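J.: Letter by letter, the chains look like this.
Number of protein chains: 2
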Amino acid sequence: MKSVYEHEIQFMTDFNKFFKPSTVVLLGASSDPRKWGWRILSNILFGGFQGNIYPINPNRDEILGKKVYKSVADVPEVPDLAIIVVPPTGIVTAVQDCVDKGIKAGVVITAGFAEIGAKGVALQKEMLEVARNGGMRLIGPNCFGILSPSQKLYAQMPPVYPPAGSIAVVSQSGNVGATIARRAMTLNFGISRLISTGNEADLHVEDFFQYLGTDSLTKVILSYVEGFKDGRAFIKIASQVSRNKPIIMIKVGETEAGASAARSHTAALSGSDRVFEGACRQAGIIRVHNMRELMNIGYGFLCNPAPRGRRVGIATLGGGWGVLAADACSKLGLDVVKLNEEVLKELDSFLPGWWSRNNPVDLVAGSGMADEMLRVIEVLAKYDQTDGVICLGLPFPSPERPPSPLTDEEGQNRGRLIIDHYKNVFMKIRGLSEKYSKPVIVSAELFVPRHYVQEQDIMSEIAGVGGVCYSSPDEAAVVMHALATYGEFLRR
Amino acid sequence: MKSVYEHEIQFMTDFNKFFKPSTVVLLGASSDPRKWGWRILSNILFGGFQGNIYPINPNRDEILGKKVYKSVADVPEVPDLAIIVVPPTGIVTAVQDCVDKGIKAGVVITAGFAEIGAKGVALQKEMLEVARNGGMRLIGPNCFGILSPSQKLYAQMPPVYPPAGSIAVVSQSGNVGATIARRAMTLNFGISRLISTGNEADLHVEDFFQYLGTDSLTKVILSYVEGFKDGRAFIKIASQVSRNKPIIMIKVGETEAGASAARSHTAALSGSDRVFEGACRQAGIIRVHNMRELMNIGYGFLCNPAPRGRRVGIATLGGGWGVLAADACSKLGLDVVKLNEEVLKELDSFLPGWWSRNNPVDLVAGSGMADEMLRVIEVLAKYDQTDGVICLGLPFPSPERPPSPLTDEEGQNRGRLIIDHYKNVFMKIRGLSEKYSKPVIVSAELFVPRHYVQEQDIMSEIAGVGGVCYSSPDEAAVVMHALATYGEFLRR
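Those protein sequence lines, which keep their order, are chains A and B.
Mapping to my numbering: the first sequence position 27 is 472, numbers consecutive.
Mapping to my numbering: the second sequence position 194 is 639, numbers consecutive.
Accuracy of the hints is not assured; some may be wrong.
Any copy will do: because identical chains look the same in the list, a pair fits if it lies in one copy or spans two.
To be verified - Straight-line alpha carbon distances no greater than 20 Å define the calculated EDC-like cross-link-like pairs of lysine to aspartate or glutamate that follow:
| # | residue 1 | residue 2 |
| --- | --- | --- |
| 1 | K827 | E906 |
| 2 | K480 | E817 |
| 3 | K827 | E791 |
| 4 | K480 | E722 |
| 5 | K674 | E701 |
It is worth saying that the hints were derived from the structure and are not from the lab.
None of these values were measured; they are calculated from a predicted model.
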């Protein structure tokens, strides 16, 4: 049995077979809509995969309009990728059939292996040996499958169809991976590749990191991990990859209750949390502790450069929001800098006489026109006093309240006007961020008269211009802190 | 000058004048839509206040269709409540005019007092003396105003019109108060009273707590505080009120940056954070550190009883979600109990043979029918092994994917079906929570095909049956922890 790293030479070839396959074979295809063998075929077809698809089932001729083959041997070409959903008892034969056919990449969705105890461990080992000896690489078992939206490949248990984008997802939990994809979709952020790694009999989290490091579509990696099969390889690879692509990770099993749950989930051994925390710092991994931080920080990296330091300027339309942000920044070790006379003077030149002359810069209720907020952001960004700017609150589009009830058409126009207002503001903010090469993180409530416009439509258009709008001052602080920490890692 | 607590006898009378006024006078009404004197009048009128409204402006006859009076003296009756928006220079005269008229309750929205330094401090003191000597109570200055939706009284700077409900808001930041109201509205939770307390020249946070303690509409109090004018009075009153109504509070100024921002915002002196933390514990206040926790825990108290202990049962449709929840619960000091044989046996009777036999109870992918999740919740709730249940994931309504594109009417029916599905599930969950007198906290992604149905519509209907759906396992853990901590306070 060869070790994982004797296969280096085939590395890219192998992974392209997973994520850019021309042909897919599905072992365990079913005609019963309650079974995963039907549902996954249905997902692949509905997702619009353009290559050849060969469902295998010895007892059926056709499923969902596709011709069914009795066995892998019968398929008229050598498929790039095998998706395997046969029951555990049939798994060794299935993998052997793939090897015999010359297939080099397989995703084993079937559960009932190492996660169920000794008997499953043995079966998993047997399956792996067959694959290794045949030069076949495996994802899983006990996983949800994979997505590669640029190829319209949606080979996964849940019917989730994110658009192609820059976020890669590597998750030891299928459900958490799907949650990430669905959350990104609601904000119109797309996915480059999504891998549910399951028990990781063959390929591990770090192998996917290595591939994603070379994958031009991927800009940021979000990961959920319960435990490592090879901690040293993980740190080595993650340290290299994270220099080019930020890795944001939830590592669970921090507590005994969590570790116990992880063991019965994916047979993961969580290991010492303190050791992992240190390894993260060393490898430049941004470790987070919940889904919201994972997503928020991921979006933050897509939309912003890493800052050169920890000094933050805060511009706010509301005093309380400013206090919340100042507290949150300071607790995270960001420096809410005291503004110097040069900056104060420039702000004095256009803010009302009674403004706070402090950081946060409180624009003072009633004076918050869009242009004024943009001017404050620019003043805070352009001087060397700060490394990044947090903007709290955006002016609503005017008029806030139309003079009378609107017709459907007027309502549609009004909705469009509101969307354009925000799109425009975020384009200008992105422009300032790029001009001064500093992150500008926005937290604001959007003005959403639901009769005319939905928040999700506004957020989608904002994402379209490279923007993201967080919902609380503390969330903005958390994102800024992650960017700053990553910036420090890059400078080491 | 009398002290605040010499007015005890008038307490309810005074507060009813604020929150159940028959007549409102607005000093500083303006015909200029850019000015707060116009906007607040507009908000009061648009909100539908049914009592008499008297705008005051010596130079206008009519504004927004309302007859304008030259002075407070000219008003043909004694108004219950004065809303005051005149500039700082006119404030003492304005309050004197109110006192002379016999008005007992005033909201001073005008800014430019203690928060701007010594000159403002003196002016604020002068204004207060006039009011005290005339037996008039004041909210503010430097505040956003108040809401009392049951009376259709929306006397506030921002145009926010939450429906009447059970959440009271007491905020030293007007913006944060408005944010709370808007967030609650999006989930269809209503507001009983909202008070933006501003600089608290006269009435303090704790005075409103005392009133809300007696207010039958209020079930839970959400509060944002930058500093206390009278720490001892606060602790005394909060300790009493929180026995009947949970108080959830953000107290900022934890850091020097936050404290400095608070000083220039509402002239607040934040005080020692450690002292406050201890006082919270003593007074049963649930202290939180960000807006999301504030809202989530508030909803949690509206929808659940306080548990009798810290033992949690977790039911999950996804292994990873379960691990996240177990970690989060355990870190917060909740006990993810080991299930005993009695419970395991009952779960064995209907779960698939390969289920985890562990807490979290992983229902295993593919077996998660709605009824099965409800059965697991019931098993976890009915035995004495747990004090509360966390439910992660809800089955989607079937079919997940309609066989073909739907007509508009079919789409509407489908949307209704999805909403009814979730409403029905949450009604049953509420039923189990009530039957066993234990909290059941739900975190789930909802199935929202946006073409047919909006998430907000589903959430609104869920709130209508006393339910709330959180978006992450860790959020459910945070809410359970807050409920358990409050339960312990009640048992002390």
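J.: Hint by hint, note whether the structure agrees.
T.: Status of the hints after comparison with the structure:
Within a single copy, K827 and E906 get their C-alpha atoms no closer than 27 Å, and across copies no closer than 48 Å, so neither meets the 20 Å cut-off. In this assembly of identical chains, K480 and E817 lie within 20 Å of each other by CA distance solely across copies; the values are 18 Å between and 58 Å within a copy. In this assembly of identical chains, K827 and E791 lie within 20 Å of each other by CA distance solely inside one copy; the values are 11 Å within and 66 Å between copies. In this assembly of identical chains, the alpha carbons of K480 and E722 never lie at most 20 Å apart, being 40 Å within a copy and 54 Å across copies at closest.
Only within a single protomer do K674 and E701 lie at most 20 Å apart by alpha-carbon distance; the minimum there is 19 Å, versus 44 Å between protomers.
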